[in-house]
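Read top to bottom, the protein sequences are chains G and R. Converting from the first sequence to my numbering requires adding 320 to each position, the first position being numbered 1. Converting from the second sequence to my numbering requires adding 320 to each position, the first position being numbered 1.
Note that these hints are calculated values from the structure, not bench results. Beta carbons: idealized from backbone N, C-alpha and C, even for Gly. If a hint is listed, it holds; no wrong ones were tucked in.
Derived coverage of chain R by chain G (criterion: at least 3 residues anywhere in the stretch with Cβ under 8 Å from a Cβ of chain G; other residues may be distant):
| id | region |
| --- | --- |
| 1 | 324-332 |
| 2 | 355-367 |
Simulated crosslink set (DSSO-like; lysine-lysine; CA at most 30 Å straight-line):
| id | chain 1 | residue 1 | chain 2 | residue 2 |
| --- | --- | --- | --- | --- |
| 3 | R | K363 | R | K400 |
| 4 | G | K400 | G | K363 |
| 5 | G | K363 | R | K363 |
| 6 | R | K400 | G | K349 |
| 7 | R | K386 | G | K334 |
| 8 | G | K400 | G | K334 |
| 9 | G | K400 | G | K386 |
| 10 | R | K333 | G | K323 |
| 11 | R | K386 | R | K400 |
| 12 | R | K323 | G | K342 |
| 13 | G | K386 | R | K363 |
| 14 | G | K323 | R | K342 |
| 15 | R | K342 | G | K400 |
| 16 | G | K349 | R | K323 |
| 17 | R | K333 | G | K342 |
| 18 | G | K363 | R | K323 |
| 19 | R | K386 | G | K363 |
| 20 | R | K363 | R | K334 |
| 21 | R | K333 | G | K400 |
| 22 | R | K333 | R | K363 |
| 23 | G | K400 | G | K342 |
| 24 | G | K349 | R | K333 |
Protein chains: 2
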Amino acid sequence: MTKFQAEIDVMPKKEILDPQGKAVTGSMKNLGLAEIQNIRIGKHITLEIEAENAEIAHAKVDEACKNLLANLIMESYSFKIAQV
Amino acid sequence: MTKFQAEIDVMPKKEILDPQGKAVTGSMKNLGLAEIQNIRIGKHITLEIEAENAEIAHAKVDEACKNLLANLIMESYSFKIAQV
Numbered sequence: 321m322t323k324f325q326a327e328i329d330v331m332p333k334k335e336i337l338d339p340q341g342k343a344v345t346g347s348m349k350n351l352g353l354a355e356i357q358n359i360r361i362g363k364h365i366t367l368e369i370e371a372e373n374a375e376i377a378h379a380k381v382d383e384a385c386k387n388l389l390a391n392l393i394m395e396s397y398s399f400k401i402a403q404v
Numbered sequence: 321m322t323k324f325q326a327e328i329d330v331m332p333k334k335e336i337l338d339p340q341g342k343a344v345t346g347s348m349k350n351l352g353l354a355e356i357q358n359i360r361i362g363k364h365i366t367l368e369i370e371a372e373n374a375e376i377a378h379a380k381v382d383e384a385c386k387n388l389l390a391n392l393i394m395e396s397y398s399f400k401i402a403q404v
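Only chain G is shown next, with the shape it has when bound in the complex (with noise of 0.2 Å):
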């Protein structure tokens, strides 16, 4: 068994308002950062894995992320594995 790393993002789907991101863009004014704007806030998640191979895990991190992880109906994921 291998030990793997994930650096998972789950995002806000592009088609979803993210009220939270238009809080902290409107926030970013007040710190005399109004050239930062469309601020998008999601979820940044490592894990680690043991798995038998790379392609195993890779298929293990997605189920995670589509069945526990992410909501699928409003938020959209992508991950990287690599060995630790």
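Given the coordinates of chain G, work out where chain R should sit on it, guided by the hints.
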């Protein structure tokens, strides 16, 4: 002025307990994914910034992270900037 996009990761520091990540790690067992361990959950933030050059964009995003996006007592951050 050039437009840049930044991709920012804000994560709980290693020495800080991450109760959300711990809870999700526990749920993996119920999903039949007990080989997934040590989940940590932070934020992934994307934003757009107009600046004269990449160096200035980098400095402004760093300022935004320090002053608003990350809580430096409990979180660390990293980011990449790319021209759009």
